[in-house]
Amino acid sequence: MRIAVASGKGGTGKTTVAVSLALSLTTDGAPAGGARYPPLLIDCDVEAPDAHLFLRPTIEKTAAASVLVPAVDESRCTLCGLCADVCEYNALAVLGDEVLLFPELCHGCGSCSLVCPEGAISEGPRVVGRLEAGHAGELRFARGVLNVGEPMPVPVIRQLKAWARPQPGQLSLLDAPPGTSCPMVEVVRDADFVLLVTEPTPFGLHDLELAVEVVRELGLAAGVVINRDGIGDQGVDDLCASEDLPILLRIPFDRSVAEALARGETLIDVWPEYRDRLRELARGVTERVLVAGHG
Amino acid sequence: MPQYKSDEPRQLVILSGKGGTGKTAVAAAFAHLAHAGPSAIPAVMVDADVDAANLELVLGPEVVERHDFTGGSVARIDPERCSGCAVCEDVCRFAAIQVAAEGGAYRVDPVACEGCATCYHQCPDEAIRMEPQLAGRWFRSRSRYGPLFHARLYPAQENSGKLVSLAKQQARRAAGAEGYPLLIVDGPPGIACPAIAAASGADLALIVGEPSVAGVHDLERALEMTAHFQLRSLVCVNKADLNREGVEKIERSCGARNVELIGCIPFDDAVTGAMVQGQPVTAHQPDSPAGHALAALWHRLTDFLDGRPAAASSDATYPERS
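Residue numbers (our numbering), protein chains in the order written: chain C, 1 to 295; chain F, 1 to 322.
The following block holds chain C by itself, in its conformation from the complex:
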């Protein structure tokens, strides 16, 4: 079972919720609600990966994340330009008597090597990021890190999800990047449930509406966590009521908690009673998924 933790707006507390939820599920190894604990936490926010700062995991293995990019054998190339014609990303151009490659534009689709009538194009990996996996206590942990200056996070996310496999039946928790475009979609699209973390402010509301549109379009089950409850206004509550979105947890705003989280503590560190509340949340979500699966 996969639960993705997402939001439209950044900084609403996705990582706080994902990390604290994962830690709340470490002490009980028995399958509960159909998902085996302790879970695998995958930090999929490859542009700004932060979960390790709270978990301080031991990294046991790493791998490169790469995109396959073309290389042109000049001795065979006739400068026909077909490769550049089929490239939807303008990563290849024939200029004068050479084929120019703009590797950071290449999505690695392989179309150029397939169309080249001379067989002059081979492909090789270009590293755009790295993958890491290990443990934080009982918790399994994995993350992807996009290299600075690289424009495309999606290949790193895609490879991370394929590389960091949960054990059979193991619950995986995916910490998504903010926004509602391709990186966020790549994380949530095959999730069994999406936890949307928001804050009760006009910005939080506006971006939650967009995130809800995404999960509706993808046909995913979702519920809401309201963080910093008590600041702002009623808009998020009203939206959840009209959209029939369950509010699964409210985390009240408290300045001393904000300070503790800023120092790198988790919800469970500052409010031990949240261990039970988060376990309850996980149980509720897994039951919803099972009911939906059987219904």
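Simulated from the structure, these hints should not be mistaken for lab results. These figures come from a predicted structure and were not determined experimentally. Each residue gets a CB set at the ideal place from its N, CA and C atoms; glycine is no exception. Heads up, some of the hints might be wrong.
Claimed, not checked - Partner residues are not named here, just some residues of chain C that face chain F (Cβ under 10 Å, in silico):
| no. | residue |
| --- | --- |
| 1 | L53 |
| 2 | G149 |
| 3 | G179 |
| 4 | C182 |
| 5 | M184 |
| 6 | P202 |
Following the hints, put chain F in place on chain C, whose structure we already have.
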């Protein structure tokens, strides 16, 4: 020393790395402070966070123009022509093509489709066409504080960087034509495609950090990104009083990179209060601690925008189609 052409507006981009550090609250305050008062500089605003655009919520824009944005294409298979040969499935590297449950025709998952057109070129039955996607809209608006260019990427669409570039290009054109000397770009979080697009062509970046462990980490990623593209950067710290140690870390990090930390904004309920009222905090509660800090920050920033040239212009080139 670089000279500015009078018809080329300077570009200030506000970035953060981590989401939710307060970029938009800062940008809204700058829109207000740039519009009138002792440190006014006529500015065109751009909301470059096209998948969660919030600046419009606090600037009260009246939309003057609306335009469709066509993003990439998605493959579609004509089941009448598809012979079920599976070439498309074999060549697709994005696992976007599967055989339909019944019968032999294949179908494309539009969400997984990368728009690369490999299947289109390889299909022996010419059964595939590429359909351009209406991926969003961009708007030219009149706000309380001057022109605003903003955009909306439709949910789950790609090409956010391209839409950012488009909105910025339109804003730059308008600023040049109407004699605005400054473009203020409210950037998206992160360090990849839309953030690079927002930073591309900027003269100066202001990176809004927060002193949390995550905030410090992501601020450093953002500084690495702007350094990579040789974009001159300044830093300010929002919610600075939440973690003194974090501010010290940011000070050290800025010092090591020769980047100036030009201001701290305290945690202040007035910021949320102003947002609820649909206003910049400097307009709603100018005498609040955050209001004062933002006014001081803007004043400091105008030194970099006005008197001193904002260093060499960035060479960041934005990959058009990522």
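Checklist entry - Can you list which hints this structure breaks, lowest number first? => result none
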